[in-house]
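Enquirer: Take a look at the letters that make up each chain.
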Amino acid sequence: MKIPPLSQISLAASWLLLGLLLAMVADPALFTRYSATAGAAVEHLRAPSGAHWFGTDQLGRDVFARIIYGANRTLPAALIAVATGLLAGAGIGALAGAAGGRVDAVLTGLMDVLMSIPELLMSLTIVILLGFGTIHAAIAVGIGQIAGFARIVRGDVTRISAMTFVEAARGGGATFAGVLWRHVLPNCMTSLIGLSVLRYSTAILSIATLGFLGYGAPPPAPEWGLMISEGRDYLATAWWMTTFPGLAVLLVALATTRISRTIVDPAGKRR
Amino acid sequence: MSPSNFRLRPDAPAAPAMGPVLDVKDLRISYSARTVVHGVSFQAARGETTAVIGESGSGKSTIARAIIGLLPQGAHLESGTITLAGDTLTRRPSHEFDGIRGRRIGFVPQDPSNSLDPVATIGAHVGEMFRLHTTLSRAETRERVLALLDRVGLSDPVLRFSQYPHELSGGMRQRVLIAGAIALNPDLIVADEPTSALDVTVQRQILDLLDGLRAEHGTSILLITHDLAIAKDRARDTIVLRSGRIEEQDDTAKIFAAPRADYTKRLIADLPVFAPRPPPADIPAADAADAVVVSNLRVAYPTGRHQTRLAVDSVSFRVRAGTTHAIVGESGSGKTTILRCLTGLIMPDAGTILIEGEDIAHARGPARRAMLRHIQLVYQNPWASLDPRQSVRQIIEEPLRNFAIDSPAGRRARVEAMLDRVHLPRTLLDRRPAEMSGGQCQRVALARALVIEPRILVLDEVVSALDVTVQARVLDLLAELRRDLGLTYIFVSHDLAVVRQIADTLSVIRHGRQVERGPADTLFDAPAEPYTKLLLAAIPGQGNAAPVQLQET
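Quick mapping for you: the protein sequence lines, in order, are chains A and B.
Numbers 25 to 295, taken from the working numbering, label the letters of the first sequence in order.
Numbers 15 to 567, taken from the working numbering, label the letters of the second sequence in order.
One chain only, chain A, in its complex shape:
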């Protein structure tokens, strides 16, 4: 049998992982019999074993169960973050690209200012203003992503607006908004979807980072970043408390990045 190329294997593995995670979000109880929040004190800081695959933490909670329940928290939060960035960014970018002239200059300048602020710093500032919590952290991360989306959409809109078929549609009596909605935006979709999936992985990282710094969900919530943060104190004695949530973040980020690459560049030409 011919072995498929590595890129195909990694793509299949990425989809498989994403599917598993979706199932975990849908019904965490299917994957573990342990609770994410209640632990047995006698079982604390146990190394990985048959009973506790990823070991237990300082309160005797099963790390595997906490990662699974954590998916339920981190993945939807990252979705909210990307949706925020996508909707606001695409709106601003489309307006700038389609209107052109002074509107474009002002909006593009504003986006450049936003981009010059490090994304994490901005998210931190916003989350402090909004108050702590997973949703707030997600929105803060999303706001940090607006500028990136706006730039991509503006570039695409400018490029597509100059194409002959757009002029042809105008000649056929289409209104400005009609052309934007029916021709320009659909033709931006490929790069927009690709970017969204890519930004999804960075959103997961950012939300985990905010959680790690203590701005996300408060304990005892099973949030991946928070878990890494809690495990930090036990790094010398209980490596599994940080390693496994860390791996979870890493694998999800890798998988979504891999998938986004096939969306933006289906033929794999740019490798």
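Honestly, the hints are just simulated from the structure, not real lab data.
Beta carbons are placed, not taken as given, at the ideal position from N, Cα and C, and that holds for glycine.
Every clue listed holds true.
So the derived label-pair ranges between C-beta atoms look like this: (1) T104(B) x Q32(A): 33 to 41 Å; (2) L278(A) x T104(B): 40 to 48 Å; (3) G43(A) x P86(B): 37 to 45 Å; (4) S421(B) x I152(A): 53 to 61 Å; (5) Q32(A) x R274(B): 48 to 56 Å; (6) F288(B) x A36(A): 57 to 65 Å; (7) G43(A) x R445(B): 29 to 37 Å; (8) T281(A) x D131(B): 34 to 42 Å; (9) D136(A) x L359(B): 28 to 36 Å.
Keeping the supplied structure of chain A fixed, place chain B upon it in accordance with the hints.
Expert: Chain B alone, transformed into the frame defined by chain A:
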């Protein structure tokens, strides 16, 4: 070849002097599983021009690339041999081919603008040939390059030597490429559509140059072209290619006098320059209303803070309803600017445009929109003018939706009726532009323009991107639509042979100015202006007159 015997013509060719310079035997080339060249065999005679003609997808460029040993990635030489003056070229390691390409085979590519490195000077381009293949010193190379630039008809070779490609016009760039191709006096020059990207007057000069070089040095030329008229004028032998198979090969004169293959017959019949000018079908009475009146049109583009460049200057013409007015000009003449004014896409700086008696410059808002509905534009490139994400149904229906015409069911019926009108099967309704041929796309573009029942169609080079047989069918369709729907056409083209087929009146435009205007019959039979005469003389395929003098373009 040692540098000592390096001259424009070596004393003794290594190969036997007689016999064909190029011998292709049973060439078979495939892309992955798809065979594109099916066992093609032909010869090119020494010191002659051999034309390979074919439409897009006929495999002519693939054969050219096989000869110069540069098959694109994924192409596979299945079988066959290519022999150049006795030496087999096929199945050679690429490092051996490096010594053949340039030295023994010169190559002139299609698009001169993309074939020169923008950051290398002209001198470096032509000099590279000597650097790669000879051991000449810099001073000797320079001397030879200057001689070559002079030979290909570039004025002031010393200046050109240090210029960059962007400082030269398209015709001049093609001359530079030809200089590179003949630098080492190769046995064979492969010219792949050497003039397709050039204006018709420049095209003629470049072909004259190639002819002159052939006569002077005895270089053989393999001329790959889609244009039968060029083959007729320039080649002694012609090979007609279709779908990777040879339909016919013979003396050019014999092929054109008495084509044997049905395909060749059709090609020749469809060639506009050979087709008789159709009688003007029931021309409307002389008192018919004017559909379009353009007077003293002037458009200037800003080129700097306080500077402008006149793109169009005092152009006037009137088009009677139901007739076709052609606007003829070479690239940069301003013809596209004129039609963009007509369709309301740009505002003229001076002059008036009356569409059916109303001035479009004064119309605003809904009145303007209603007026522009009656003048529709069809573009040159059929793929670019259709949204790649829409289906044929969506494309044709869109203008109806824009003007809120009819119910959804009624619109559906109109779209289908329109598809019948342009002779496309209804099975295409759910296709996307990328899944159709150029001719089909252009018919869809026509259907989209016609579905809102305009009275005037502005046709911007609508058949220039199409193969000759497809072009003939689209021209037939245009004539039919004009007759049946009573349309008025404004037909913009650089191709006088096509214009002759369709125009009732025409304007000749050069550098934004109107050189001549009048009834087509008068202009074609008795042109008054030298530029019109030059344009007419440059139409290939009319049996070539004495070459126009080799001058820079």
